[in-house]
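Colleague: Protein sequence lines, in the order shown, are assigned to chains A and B. Following the numbering used here, the numbering of the first sequence begins with 52 at its first residue and continues without gaps. Following the numbering used here, the numbering of the second sequence begins with 1317 at its first residue and continues without gaps.
Don't read these hints as lab results, they were simulated from the structure. Owing to the predicted nature of the structure, the values given are computational and were not obtained by experimental measurement. Do not take every clue at face value.
Claimed, not checked - If you want the footprint, here are the derived chain A segments under chain B, 3+ residues with CB under 8 Å:
| id | segment |
| --- | --- |
| 1 | 95-107 |
| 2 | 121-135 |
| 3 | 208-216 |
| 4 | 231-238 |
For every residue, glycine included, the Cβ atom is placed at its ideal position computed from N, Cα and C.
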Amino acid sequence: MIEMGGSASGAVLRPVAAPPGAAQSTLGELAKRASTDDLAFRELYDRIKRPVYTFLFRMVGHMGEAEELMQETLLKVHRNLSRLNSEESFLGWTFSIARNTAISHLRKKRPRVEPIEEVAEPASAFSEHAAAEVSVDLQRILLRIPPRYRSIFILGVIEQREYADIARMSGKSLAAVKTDIHRAREMVREQWLRLRDGKSGGNGV
Amino acid sequence: MRCHEVRLEISAFLDGELSPCAVSELEDHFEACAECRSEVESFRVMDAEFRRRLGAVEPDPALFARFLEARDRKRDHPAWWRLAWAGVGVAAMLMVAVFGARIQEKRVEAAILEQIDSKPRPAPVTNVFAVSRFEQKHAPFEYRDSLSGRNPFRVEGTGQNVRPVAQGGDR
Ligand SMILES: [Zn+2]
Chain A
52 MIEMGGSASG
62 AVLRPVAAPP
72 GAAQSTLGEL
82 AKRASTDDLA
92 FRELYDRIKR
102 PVYTFLFRMV
112 GHMGEAEELM
122 QETLLKVHRN
132 LSRLNSEESF
142 LGWTFSIARN
152 TAISHLRKKR
162 PRVEPIEEVA
172 EPASAFSEHA
182 AAEVSVDLQR
192 ILLRIPPRYR
202 SIFILGVIEQ
212 REYADIARMS
222 GKSLAAVKTD
232 IHRAREMVRE
242 QWLRLRDGKS
252 GGNGV
Chain B
1317 MRCHEVRLEI
1327 SAFLDGELSP
1337 CAVSELEDHF
1347 EACAECRSEV
1357 ESFRVMDAEF
1367 RRRLGAVEPD
1377 PALFARFLEA
1387 RDRKRDHPAW
1397 WRLAWAGVGV
1407 AAMLMVAVFG
1417 ARIQEKRVEA
1427 AILEQIDSKP
1437 RPAPVTNVFA
1447 VSRFEQKHAP
1457 FEYRDSLSGR
1467 NPFRVEGTGQ
1477 NVRPVAQGGD
1487 R
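Please model the entire structure based on the sequences and the hints provided.
Modeller: Here you go:
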């Protein structure tokens, strides 16, 4: 279903009679139409928004920042739709743009000293306090490791994407992805063990 | 397989990126080696916790509408800038025209003055046919002796006038 964001977008998103079978279009077919057809682009967006936004949110740990990066990613995707290779997976291509956007954003930005207050964990509103706290702690661990490893940990370990896909998205060899994921896992585990030991010791570090 | 070799493969093992052959090799090692087994177990627990706690996040429903607005704003920008640059261009041309005209005017004025200057100069003022300063400067007036019909102050040959002494402060 198409949600109208507001009256302003309503004018743009006038529901033009969709071609028959549009609902079954593949991402590639949609991508072909999407540069001139906002409805097609909206459909594309609806299919990729969750994984891409989740990735960006995990990269920066902040909703406002993630939304800015998502917009930037969408602008780049829309502008370069004609360059999309028909063989290429649209989601993978979008991920590579999102990844580059996030990494260059994090490179430009001053590293945050303590991102605790800014980590707005959406789950906290629904689940019990302790669980939300754990999520915030884990997100904080992600923010402590370098962006390059953070992105590969999110994609490879949390999102469980195939190494070959990650290699394509990041322009690396399969072997490099393999060693990077392992390195990222070790970095995260070091922080994670420290967190667990801190918790069980009752120090609340 | 040595422990250090196994450690390097643990990630790929957990991510299902190893060949069945390599997997069984590792599994054999884990059965025999408690250290590597606990290593893989600790990673497995950690992975599961991250996956469970850091699940998918849904973006703000209004995000797409905001993207469209931002895109259209960017699209309009070039036209806007072109318009602005056109304005700057017109202003520059006007300025060139105005200043050009002024410069041309000055040039003409200078040329006239030069012409006047190159002409024989008015006579000094010490005589009865006193000449006003303006006339001295601009008018092609030259003092001539009423008897000889010549300018007694003119230095022949140089084409230069002798500057009237009385007009010294004028320069
Ligand atoms: Zn071992």
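Colleague: For the segment 208-216 of chain A, do three or more residues have a beta carbon lying closer than 8 Å to a beta carbon of chain B?
Modeller: It holds: at least three residues are needed, and the segment 208-216 of chain A offers 5 whose Cβ sits within less than 8 Å of chain B.
Colleague: Taking 8 Å as the C-beta cutoff, is the stated coverage of the segment 95-107 of chain A by chain B satisfied by three or more residues?
Modeller: It holds, with 6 qualifying residues against the three required.
Colleague: Are there at least three residues in the segment 231-238 of chain A whose beta carbon sits under 8 Å from a beta carbon of chain B?
Modeller: holds (count 3)
Colleague: Counting residues of the segment 121-135 of chain A that have a beta-carbon nearer than 8 Å to any beta-carbon of chain B, does the count reach 3?
Modeller: holds (count 5)
Every hint, counting from the list given before, is met by this structure.
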